[in-house]
Amino acid sequence: MYRYDEQDHKLIRERVAQFRGQTERYLAGELSEEEFLPLRLQNGLYVQRLAPMLRIAVPYGLMNSTQVRRLAHITRKYDKGYAHFTTRQNVQLNWPNLEDVPDILAELAEVEMHAVQTSGNCIRNTTTDQFAGVAGDELVDPRPYCELIRQWSTFHPEFAFLPRKFKIAVCGTEEDRAAIRAHDIGVQIVKNDQGETGFQVFVGGGLGRTPILGVAIRDFLPETHLLSYLEAIVRVYNQLGRRDNKFKARIKILVKAMGPEEFARRVEAEWEQIKDGADELTVEAIEWAKRFFPEQPYKTFKAGHGEAVLRDQAGDDKAFARWLERNTFPHRVEGYQAVTLSTKPTGIPPGDVTDRQLEAIADLADEFSFGEVRVTHEQNVVLADVEQEKLFALWQAARKHGFATPNIGTLTDMICCPGGDYCSLANAKSIPVAEAIQRKFDDLDYLYDLGDLDLNISGCMNACGHHHIGHIGILGVDKKGEEFYQVQLGGSANQDASLGKVLGPSFSRDEMPATIGKILDVFVENRQPEEFFIDTYNRIGLQPFKERVYAKAS
Amino acid sequence: MPKPAENPAVKKPVGAQPENPAQLILDGEVADNQWNLLPLTGEEQITADKLAAGKIILPASVWLALREALQERKQEIGVWLDSDETADFIGEYARELPLVAVHFPAFTDGRGFTAARLLRERYGFKGELRAVGNFIRDQLTYLTRCGFNAFAFQGAQPLTKLIDSLQDFSDSYQATVDQPKPIFRRRALAS
Ligand code: HEM
Ligand code: SF4
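Taken in sequence, the protein lines are chains A and B.
Start counting the first sequence at 1; every next residue gets the next number (my numbering).
Start counting the second sequence at 1001; every next residue gets the next number (my numbering).
Just so you know, these hints were derived from the structure itself, not from any lab.
The model shown is predicted, which means the values in this text are computed figures rather than measured ones.
For glycine and all other residues, C-beta sits at the position ideal for the given N, C-alpha and C.
Wrong hints could be hidden among the right ones.
[Claimed, not checked] Label pairs and their calculated CB-CB ranges: (1) 1015(B) - 424(A): 23 to 33 Å; (2) 9(A) - 1160(B): 25 to 35 Å; (3) 1033(B) - 278(A): 29 to 39 Å; (4) 262(A) - 1160(B): 41 to 51 Å; (5) 1179(B) - 424(A): 38 to 48 Å; (6) 3(A) - 1164(B): 54 to 64 Å; (7) 268(A) - 1009(B): 26 to 36 Å; (8) 294(A) - 1096(B): 48 to 58 Å; (9) 1127(B) - 257(A): 31 to 41 Å; (10) 1178(B) - 244(A): 26 to 36 Å; (11) 1164(B) - 258(A): 39 to 49 Å; (12) 193(A) - 1014(B): 44 to 54 Å; (13) 1127(B) - 294(A): 46 to 56 Å.
[To be verified] If you want a taste of the chain A side facing chain B, the calculated C-beta under 7 Å gives, among others: (14) 7; (15) 9; (16) 253.
Can you build the whole structure from these sequences, using the hints too?
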């Protein structure tokens, strides 16, 4: 993975010193609340309902075990002994003291981490596929490009005060596991007829209160133009994006108002001026970035040997077989498999892990996966390079630490925002709804039979829980001061991305598990062999679900 | 390259107008303000012969209307751009000017950063580039990287202390006005 050199270290140290000074000025009353706000946001510090929250950047979700151990230490020393993995592959602390934040940042800097631009109206952490570099269906490893984007966007002097937050996602496979069309810019790695690497560029996606999928404004951008093209897009946005109304300030609104063709025309005109300038990537720079993501020192295995071992072990142990089926992912190298550690056992807020669990993750990474871990946008943790022969041992260790719930990709592997328990913007709590659904549907055979199913929950229309792109989406709404939940069906985050449709009037919290039950019944009764929920929904539409859910009791 | 607007209508003032403090930070030092910035009043009947004597900074739309008439006084006429006026608004005329000021109505309004870079990098502006309005000291390094060399802070401000913030960062990842090579070019060369 990428390692800091002296320049990175110096810049991050300078940033910590700068923020320490700002915090001191704020506490001394020399910096107003209003002025401190954007400064602390750009250093990851929110103030929420109960306490400040600190969002720590995990560039494109990748960390080494030293960093994970440092996080464990930080949660113990400065927080309540747990942390939260977010849908943008970052880590969040829920209870730090404002006075301690500069010290926390200094501790992070020692292990090449920071909280820069994890919040605020600037370019945020770039995200990608959690299986980058190991997926069999990958065209090109996206991580070197993500790292180049990270450096370009970090402390970008021109783009630190944009109209609104700005998110970029990169995807190197055909199956989009990074939800790139839900981002301000989505970068899809492609190859042209000559076999050259380039990018298809989407702009104007975003969820929130006006969910829109990004549109392609360029089908093939040669790879050396990546940064100049991004610069052109953000520059057009910085000049023309709305600043009078924060709900209309995202780039998606500008693209929509102007029309994607006109927006693309302006970007191209700007880009014409700056392409081949200093920001142009060089072949050497791309090669340099690639050197940080070399082939791991994989062992050579005989074809089929690992699978045979696994077949035997799975035959003897149904629980292991289930885990293998749901929680592992094929690896492009013979004899290896990627493993997802589930942070979603019933009864724990999705994405929450304790300090002890963080240390366990670090240990498992060292023992089984070259000391590296990845955070997923579904809020789980991936060990990407595990020998098939060691999967059984890993499974047993993961069970001991509570990471082996074999539910990846199923109904109970939900994305869920912090909601009313933590967040002052919430209309409704989301964690208790997630928990009630997990409790009702805890029969693994039933879950497996349902197959792949994304259920996403947000506590308000800001959509932190991505409810628009869940196959089933749940949205907290306020009805005369009471917490209610609206249900949407048919969203999807994949390459055929779509936004969910509202089922009908909303439900009370108590009604939610039964409502989900009815929706699943309709699916089970109508499904054809091999269909997943989203396929059946696409075939039969909203109406049958509506009829069942809102049927009058007779 | 877009051409500057020919005789655009004089702009109506929107929101607070920039102030014109007695002192400022210029090229890293506290200095007396030699210029008189004229805000938009909304009743612009300004003609070239009615303008005050001395060094003045005119609203961009006023200057565009008077540009021809002011050729004689070129060296003592500067221009200020409001945040909704992009650098293209004066475009290559910038080259003729000794001073351009860019207004930050709020420090969170980042349009002025782009305006500055374009003036320097695209329109070849070499004169004094002055930030006016409500920017804050914590932005000084970013402002400098985008090409500003003068900072007219509003209100009573301890300018000698603020100067320190010019040193917050000693390097940058990107190509900027004061660092023409982005870090990846410098690194790739070194390795
Ligand atoms: C607890 C306090 C939180 C607050 C107050 C909060 C607030 C917000 C707001 C206001 C937005 C909408 C911004 C906009 O597009 O206009 C937003 C979006 C978002 N939040 Fe949060 N958030 C919180 C926690 C989280 C957490 C813990 C996560 C990760 C699990 C998260 C993930 C996201 C994501 C992914 C979006 C983007 C949706 C989009 O693309 O528009 N948020 N958040
Ligand atoms: S979706 Fe709403 S309730 Fe949930 S975290 Fe975001 S802002 Fe808070």
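Right, here's what the structure says about each hint:
1. 1015(B) - 424(A): 23 to 33 Å: Since residue 1015(B) and residue 424(A) have Cβ atoms about 29 Å apart, the given range 23 to 33 Å holds.
2. 9(A) - 1160(B): 25 to 35 Å: Because 30 Å falls inside the window, the suggested range holds.
3. 1033(B) - 278(A): 29 to 39 Å: The hinted range 29 to 39 Å holds for residue 1033(B) and residue 278(A), with Cβ atoms some 33 Å apart.
4. 262(A) - 1160(B): 41 to 51 Å: Check passed, 48 Å falls within 41 to 51 Å.
5. 1179(B) - 424(A): 38 to 48 Å: About 41 Å separates the Cβ atoms of residue 1179(B) and residue 424(A), which means 38 to 48 Å holds.
6. 3(A) - 1164(B): 54 to 64 Å: violated, 31 Å
7. 268(A) - 1009(B): 26 to 36 Å: The hinted range 26 to 36 Å holds for residue 268(A) and residue 1009(B), with Cβ atoms some 29 Å apart.
8. 294(A) - 1096(B): 48 to 58 Å: holds, 54 Å
9. 1127(B) - 257(A): 31 to 41 Å: holds, 36 Å
10. 1178(B) - 244(A): 26 to 36 Å: holds, 32 Å
11. 1164(B) - 258(A): 39 to 49 Å: holds, 42 Å
12. 193(A) - 1014(B): 44 to 54 Å: The hint (44 to 54 Å, Cβ to Cβ) holds, given that residue 193(A) and residue 1014(B) are roughly 51 Å apart.
13. 1127(B) - 294(A): 46 to 56 Å: Once the Cβ atoms are compared, 49 Å apart, the range 46 to 56 Å for residue 294(A) and residue 1127(B) holds.
14. 7: At 6 Å from the nearest chain B Cβ, residue 7(A) passes the 7 Å test, so the hint holds.
15. 9: Check failed: Cβ of residue 9(A) comes no nearer than 11 Å to chain B, outside 7 Å.
16. 253: Not OK, violated: residue 253(A) not within 7 Å of chain B, min 17 Å.
Hints 6, 15, 16 from the list above are not met by this structure, while the remaining hints are.
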